[in-house]
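Undergrad: Residue-level listing of the chains:
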Amino acid sequence: MSQSLEAYLVLSALLFAIGTFGFLARRNAIAMLMSIELMLNAVNLAAIAFGAFTPQLQTHAALIALLVMAVAAAEATVGLAIVIAIYRNRRTPLVDEYASMRE
Amino acid sequence: MTIDELLVSLLLALPLAGFGLTALVGRRLGRRAWLIAVPAIVLAWAIGMFIVYQSVFAHAYGEEGLRFTLYEWIPAGDFVVSANFLVDSLTAVLLIVVTTVGMLVHVYSIGYMAHDPGRWRFFAYLNLFMFSMLLLVLAANFVLLFAAWELVGLSSYLLIGFWYNRRSAALAAKKAFLVNRVGDFGFALGVAAIWTTVGTLNFFTTEAGPGVFELLPEALHAGAIEPWMMTGIALLLFAGAVGKSAQFPLHVWLPDAMEGPTPVSALIHAATMVNAGVYFVARANPIFAEAPQAMVLVAAVGIFTAILAASIAFSQRDIKRVLAYSTLSQLGYMFAGLGVGAFTAAIFHLMTHGFFKGLLFLGSGSVIHAVHDEQDMNRMGGLWRRIPITHWTMLIGSIAIAGIPPLAGFFSKDEILGSSFKNGFVWVWAIGVVVAVMTGLYMFRLMGKTFYGDSHVDKEVEPKIHESPPSMTLPLIVLAIASAVLGLLVGFPPESGLIHSWLEPTFHHATETLGIHHEAFQLFGIDGYLLVIGAAAGAVGVALGMWYFGLFGARERRPAVERWTQRLHPLYVASLNKWWFDDLNDLIFVRFGGWVARAMWWFDVNVVDGTVNGIAALTQSTGRGIRQIQTGRVQNYALGIAAGLLVMAVAYLFVVGR
Amino acid sequence: MALPPTIPFLNWPWDDLLFLILAGLMLAAAVFVVIGRDIVRSGISMMFAFAALAGIYVLAGAVIVAAAQVLIYIGAISVLILFAIMLTQTKSGPAQLVFHRQAWAGALAAVGLGLLLIVSFINTQWPLRVEQRLWSATDEVALLLFNDSLYVFALQVVAVLLTAAVIGAVFLAKREEAPDPGEPAPVTLQRLRRPADASAAD
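Residue numbers (our numbering), protein chains in the order written: chain A, 29 to 131; chain B, 32 to 689; chain C, 6 to 207.
If you're looking for bench data, these hints aren't it; they were derived computationally from the structure. Any given hint might turn out to be false.
What the hints assert, rightly or not - With the Cβ distance kept under 8 Å, some of the chain C side facing chain A (calculated, not the full set):
hint, residue
1, Met51
2, Met52
3, Phe53
4, Leu58
5, Gly66
6, Phe126
7, Ile127
8, Gln130
9, Val135
10, Leu149
11, Ala159
As the list claims (entries may be wrong) - Chain B residues, not near chain A, derived (Cβ > 12 Å throughout):
hint, residue
12, Ala77
13, Phe88
14, Trp104
15, Arg589
16, Thr596
Yeah, the Cβ is synthetic: ideal placement off N, Cα and C, and Gly gets one too.
With the rest of the complex left out, here is chain A (with noise of 0.2 Å):
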């Protein structure tokens, strides 16, 4: 099984699901990060999984990997800058408590 491609990429799958189920379904904010994160990993797996079993992206796979996680540490940074500030003026964490730009 560590052999097969569909392997990995059926655990990719279901690491991006988890993370879509958390994003959608979760109240806090930085539990919604958290998830955020797990998508990224999801598909930096499925990235690494293809570089595994195919010669010529082989060290293409891994610099895009690296890059991957760059940005996913930036955008962490940024966003939970955000959730702290807000966190400041609405004094709560929950998200559905963020709705004022409604109708």
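Go by the hints and put chains B and C onto chain A.
TA: This is chains B and C only, laid out in the frame that chain A set:
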């Protein structure tokens, strides 16, 4: 412009100017409001008489009469209507009636309206009416005629509703106008039909080309028009006459028109306006002569109206109403005369009727004035000693209308009856004889109740009964003289009098077309019999009237009258209710029409407005519903994105996978 | 003692067992991240997920990526997240509702998405694939990074991005300073957002 054309134009301009000036400054003239209007009409009368003289005595206008165009009124490309006028012998006869009776009524009104604050309006309207009527008889094309037709109707409306504060007067004026409108609608359709058929609206030939009265018969004979089209045109035009001259079924307005002041009733509803229909049918005789079925209908409508109106006159208590129904009845005679082809006789009767009916109305006005505005005959009586001039003149008028020789009515009425018999319309003749009896009867019922017998006048009014001032009695006397001698003057010998020589050229062609050939008048042949029967009928009616209501011991015969009323009770009730025609109209048009109108209104409010409002409401509610999507929460939007992505991907897979 | 070549009784290679263990661990940890009521526990569980994922990377032959995963994700990002959790604590902690009302719809969407991906992955013929996984060499990765113009450029851009992110984060999250007496208050995010509230909160 020749002198004659100038005079005709002046004839029209004078009343119009009188109307304008009186309307502008009349109020300030106060008691002398008549100073502008009456002299204008007297002058118009003088000019009118001169024109009549020129036309029928001096024969200055030739066979075809005076025709001229004043100016081009409506230049609209192919459709050109000029203000053109025609004066022939028919016009002359009408002019005699209109100007003379008009002038006398104007003089009479000086006295009659002396106490009315609105008298300046009255004279203004009277002058407007004179202008309209003169325009009507002088017009030489259909559009001008129609304009005058409508103007006459307008003047009638204004004058019937003269005392506008009275609700009954306002309603009567409205009724008159509306019923007239129904007829005018048919008339307008007829004019339109003529225009589409022959392309011109002038009566006779002008520089623009041949006139309607030449073109239409030609077209019929050439086969360009079907006979039914001709009949249709004739009937449509006749519809207008039915409205204007108050024939069945558009007769309902005339009795109510008595709400107007008595001079108005005399002038408009006896002598002139209601004659417009008769004049028009006579003028359009080329059209009618080509449509024999229409002629039969004209005769039928006419004689039916005659007997209908006469039957209603028996039960009326208001003196003016009796006279109104009498007018209806006599107009019916005229139309019957027209319908059977006796055009000259009808016009002759128009002329004589104008005089004696005008006399009767003015006389009744004098009576009403004497008993201080009481119009119910049952509260009069025994007046013949108190108001002698009025009494004697009205007596002459009543005898004239009953058709007793040698007064005017006898000649004209008898000629109509005689012609109907000789032209083959025996049923018209028979009904006409019955109506003659009835005429005598109800007229002398009127005379008896008003002037003879015991006085039932209100006790307080009794001492104040006085004869009218000369401004009122003078016209009465003049008209009485006219009623007495006019028949002899213009209608004697029968069928060869002055009026026949005047009108023969006008109706000659029509008479020939209808195939009416008469041998000369035979006093000791058929004509003699008819004469005797006609006179006898009138005499019988007079005698009965006098017997039951009149001169000698009417008091004793009152129970007999009561018994007759009981025996004929259903007829009496029908007569009293005017044969329920007003109720019928009310039912059909007011109630049912109102119901239809309300249904339409319901439809408009609920369906039409409902649809529009419903669409707006739908939009609003849809918007309100869809707005719920905007929650302001990012996760809801993210869910939307995820779902959309899923749907798109699945759809794509399905499409590609197929 | 040397390991037998395959697992006894099952005849699986040892790699496969390792893969299964790591995969199961990772999925379990990930599930706990999204379901966990206490957010601190969710954070810790996320670290476990990252660790398992690093193991899988090694199994797939991408050693440098595994190392980077541990360094960056576990070492930096997870710590950052835990700090943020600490800073945004509310009193009524675990008693609150964890999921929205839309969680069911979200679950449906997630399951659908997952199924979609799995189905597409399995049914696609991936070209150029080989049957055996390959090991990657670190020096080749380094050479590619610094020689291929695309990745050099990407590297520079990422560097700028990180700098900007840091500056932005510092600015966003900084606490408002008390103004000097006499000077007008400086314009901050908080003041912009709700002036009345800001002054009341301060």
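Undergrad: Would the hint on Ile127 of chain C stand, with a C-beta cut-off of 8 Å toward chain A?
TA: 6 Å, holds
Undergrad: Does Met52 of chain C hold up as a contact with chain A if the rule is Cβ-Cβ below 8 Å?
TA: For Met52 of chain C, the interface hint is violated, since the closest Cβ of chain A sits about 10 Å away, which is over 8 Å.
Undergrad: Interface hint check: Phe53 of chain C, Cβ to nearest Cβ on chain A, cutoff 8 Å. Holds or violated?
TA: Violated. Min distance 12 Å.
Undergrad: Verify this label for me: Thr596 of chain B is non-interface relative to chain A, using a Cβ-Cβ cutoff of 12 Å.
TA: 86 Å, holds
Undergrad: Val135 of chain C was flagged as interface toward chain A. Is the shortest Cβ-Cβ separation under 8 Å?
TA: 6 Å, holds
Undergrad: Report holds if the minimum CB distance from Arg589 of chain B to chain A is greater than 12 Å, and violated otherwise.
TA: 93 Å, holds
Undergrad: Please verify that hint: Gly66 of chain C, Cβ, nearest Cβ of chain A, below 8 Å or not.
TA: 5 Å, holds
Undergrad: Since Ala77 of chain B was said not to touch the interface, does its Cβ keep a gap of more than 12 Å from each Cβ of chain A?
TA: 90 Å, holds
Undergrad: Any Cβ of chain A at or closer than 12 Å to Trp104 of chain B, or is the non-interface label fine?
TA: About 68 Å separates Trp104 of chain B from the closest Cβ of chain A, which puts it past 12 Å; holds.
Undergrad: Going by Cβ atoms only, is Leu58 of chain C closer than 8 Å to chain A?
TA: 6 Å, holds
Undergrad: Less than 8 Å between beta-carbons is the criterion; does Met51 of chain C satisfy it with respect to chain A?
TA: Hint holds; Met51 of chain C Cβ to chain A Cβ min 5 Å, cut 8 Å.
Undergrad: Report holds or violated for the interface hint on Ala159 of chain C, using the least CB-CB distance to chain A and a cut-off of 8 Å.
TA: 6 Å, holds
Hints 2, 3, 8 from the earlier list are contradicted by this structure; the remaining hints agree with it.
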